[in-house]
Amino acid sequence: GESVGLHLPTLSVQEGDNSIINCAYSNSASDYFIWYKQESGKGPQFIIDIRSNMDKRQGQRVTVLLNKTVKHLSLQIAATQPGDSAVYFCAETSNNNDMRFGAGTRLTVKP
Amino acid sequence: AAGVIQSPRHLIKEKRETATLKCYPIPRHDTVYWYQQGPGQDPQFLISFYEKMQSDKGSIPDRFSAQQFSDYHSELNMSSLELGDSALYFCASRYGNQETQYFGPGTRLLVL
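In order, the protein sequences belong to chains L and Y.
In terms of the working numbering, the first sequence opens at residue 1 and continues consecutively.
In terms of the working numbering, the second sequence opens at residue 1 and continues consecutively.
A few of these clues could be false.
[Stated by the list, open to error] Here are the simulated lysine-lysine pairs, DSS-like style, with alpha carbons at most 30 Å apart:
#, chain 1, residue 1, chain 2, residue 2
1, L, K68, Y, K57
2, L, K56, L, K71
3, Y, K57, L, K71
[Claimed, not checked] Cβ pair distances, simulated, as ranges:
#, chain 1, residue 1, chain 2, residue 2, range
4, L, A29, Y, E51, 18 to 28 Å
5, L, N53, Y, D56, 18 to 28 Å
6, L, S52, Y, S79, 33 to 43 Å
By construction, these hints were calculated from the structure, which means they are not laboratory data.
Think of the CB as a built atom: it goes at the ideal place given N, C-alpha and C, for glycine as much as any other residue.
Only chain L is shown next, with the shape it has when bound in the complex:
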């Protein structure tokens, strides 16, 4: 079946560096994508979203890029901080149906 998945399960970066977390999806009908951050023992926290009619969206220190041609989504975190350490999930939905999550990437920020 169609799925959403991440390329790498773990990512370790130095504090202050930029982080890039990747996500591949296979449902070409997906029209809305979200990045969630999940800290240990907590619920997923909304970070940023993007609709399929866009290819880039920026927030505070975060940027999401969408490449519909290769069905690829990425989350860029600028000047990564220790507080960014968490598991990051991409999620997608089509026609406002139930959301499907990809396997998370654990980001570890080294001081």
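Please arrange chain Y on chain L, whose structure you already have, making use of the hints.
Here is chain Y on its own, set in the frame of chain L:
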């Protein structure tokens, strides 16, 4: 700002017992989702409700049932609990046609 509230936050049950998890969505949110997240796993969609009616169904076992009440809160009822039901259970809510789901803090269920 008010967030999604879930209770209890932690629950310990024995095999074959029943459990009821509660979710109180963000005020004015009319859609509620339930997810199950096993250790090291991504959240798996179980079931959703819109305006008190079941709107979508995912990988929810037949032993589980859920409903949404007139005040929009939702309850997930779990019967004949199995060891494999030990997981984090998240509720998320959404308003109207907005697509973003906002998650609660989760209920950690441990079945012994």
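Please verify whether L/K68 and Y/K57 have alpha carbons no more than 30 Å apart.
holds (28 Å)
CB of L/S52 to CB of Y/S79, is that within 33 to 43 Å?
Once the Cβ atoms are compared, 40 Å apart, the range 33 to 43 Å for Y/S79 and L/S52 holds.
Taken at face value, is the distance from the CA of L/K71 to the CA of L/K56 at most 30 Å?
holds (14 Å)
Determine whether the Cβ-Cβ distance between L/N53 and Y/D56 falls within the hinted range of 18 to 28 Å.
holds (24 Å)
Distance restraint between Y/K57 and L/K71, which requires alpha-carbon spacing of 30 Å or less
holds (26 Å)
Mind checking the hinted window 18 to 28 Å against the Cβ distance between L/A29 and Y/E51?
holds (25 Å)
Every hint, counting from the list given before, is met by this structure.
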